[in-house]
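Trainee: Listed below are the residues making up each chain.
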Amino acid sequence: MILDTVVTAETPEGMVLELRPAGLSARFYAFALDWAIRLALLQATAVTITLMGGLGVAFWLILIFALEWFYPVVFELTAAAATPGKRVFGLKVVMDNGLPVTPASSLSRNLLRAADFLPFAYGFAIFSMLLRRDCKRLGDLAAATLVVHQPRTVPRIARDNDILPIAPSMPLVPAHQAAVIALAARVPTLTAERLDELAALAAKVSGDSGRSGPHVTRRVLGVAQWVLGRRS
Amino acid sequence: MTPLQFEELYQSDWDELQATLNLMLGRTAGISVTRSTFSSARVATLYRRTCGHLALARSRCYPSYLIERLEELTAEAHQVIYQRREFGRLWLKQIVAVDFPVAVRTNLFFVAVAAAVFLIPAIVTGVVMYERPELILSMVSAETAASFQEMYSPTADSIGRTRTASTDWMMFGLYIRNNIGVAFQCFAGGLFAGLGALFFLAYNGAFAGALAGFLTERGLSSTFYSFVATHSAFELTAIVLSGAAGLKIGFALVAPGRLLRLQALVQATQECAVLLYGVIVMLLVAAAVEAFWSSAAWLPASVKYGTAAVCWTAVFAYFSMQGRRAN
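Keeping their order, the protein sequence lines are chains A and B. For the first sequence, counting from 1, position 220 maps to 220 in the working numbering; every step adds exactly one. With the second sequence counted from 1, adding 232 to any position gets you the working numbering.
Warning: the hint list may mix true and false statements.
[Claimed, not checked] Now the stretches of chain A that chain B is said to cover, found in silico as 3 or more residues with beta-carbon under 8 Å:
(1) 33-40
(2) 55-62
(3) 170-182
[As the list claims (entries may be wrong)] Just the calculated beta-carbon pair ranges, DEER-fashion:
(4) A:Gln43 to B:Leu340: 45 to 51 Å
(5) B:Ala533 to A:Ala66: 30 to 36 Å
(6) B:Trp323 to A:Thr48: 45 to 51 Å
(7) A:Gln43 to B:Ser244: 28 to 34 Å
(8) A:Ala40 to B:Glu304: 32 to 38 Å
(9) A:Thr8 to B:Val517: 43 to 49 Å
(10) B:Val359 to A:Arg132: 55 to 61 Å
(11) B:Ala425 to A:Leu201: 52 to 58 Å
(12) A:Val16 to B:Trp323: 37 to 43 Å
(13) B:Ser244 to A:Val47: 51 to 57 Å
It is worth saying that the hints were derived from the structure and are not from the lab. Bear in mind the structure is a predicted one, so any value in this text is a computation, not a measurement. A virtual CB, placed ideally from N, CA and C, is assigned to each residue, including glycine.
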């Protein structure tokens, strides 16, 4: 689809992974949260530091340095491959071929943050992310990494014994099958009226073109059950 | 086979794979697989089998929820199975003993350019400041110039320490925070066609040269040079090396050769990683030496110059000889 920003990557097993790059807003929220966490950590330690004198100040300066440059690296190399902020907003860092991020790439993308930050307030990063379909900042470009949305769990549909399976009245190509099943999966989240409206759009599959109403909806859902594999 | 039959037939495989992944990722949800029944070979088998199921499900146009579930499962398994665990002792040894010095030698061109861009402004401003020390005021304020003089005066009980810093430990923190940041800037600046790296190298070179020229003219050369001689073996080399890494990625963008610019950039960045590992370690060493050894006023200058000579020789010997046999 033209609007879709999906990046596909093929694995050695011949699977095609679909990666969904995270856009500017999601990454901004994650960054803001990480920033707040770091700030809170520095504030909290500042209290103990005042009691420790020179050694404490040294520790604090080293902590500032470590948080500034290595906070993202350390978290990106854990199993979650995301800083706490990214994790909260369901993001993670991967290589752009779908593999887990490597230490070398994680280090480079975070050191190149200094270039992304220029000319001020992450100007180049924002510029690059808005221009590119895969929303990479400069560090991501050089390190061949990608910030993606964690795949969300798909709503499932179960056998519904109240609804009789109905054979579709026309051959259904995979995309159409998927659409009918997706409609059935959304039943719990829709109001009855909206469901009827949507089912009316798909009424052709059960041979009810041009009609609408709860009866037609049941027949369309019946086709969904048939496509699932129920025959009686 | 209908989707439901397919799901019933292979459900147990998928559940087992999911449970194993949960165990490997430290999650507790789902059916429990205990460590005793866990085997890597089993994970690989289940993973390949599930990949096969996914291909079947796609080619048979099974419902999207089934395909998406299998996609999700295989994608997660893929992430776990291909996770790189490279931080072992062997990895560390390989980098220190072979990869880092070899990387420096293979990128000798960039190292030489970076060294020249750092040293030439340093020498020029050094000579200028020595001839006309009042020009230091065009670079820093009068107070800063005065504090430099104070920091390196022979009567100071600890050399190179700012008046606000009370201990060596505090200076250690300051050096880590500032100096390593400078080196990282030199690298990151390379992303702008190398211009940023050139600028930061020249700027820091000019500043260091100006300071040296100014303090020499003021007659503080004995404290200043004995202070900088030792740790500069690590610090200046590391800054030059990170500048060289920056120049390398900048050069890849300007002259990508037979690759696309983006491919050339990615390749250069990957090759720079080992340089960066080395640079970080060198800068940590430099900060420790600077804070605890260079600043010690009670050490006679001759001891410091002796150590400095050993350090410089060791650094040059390391970069020119180490790892030749392994390669």
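Trainee: Hints broken by the structure, by number, lowest first?
Mentor: Checked against the structure, the hints that fail are numbers 1, 6, 7, 10 and 12, while the rest are satisfied.
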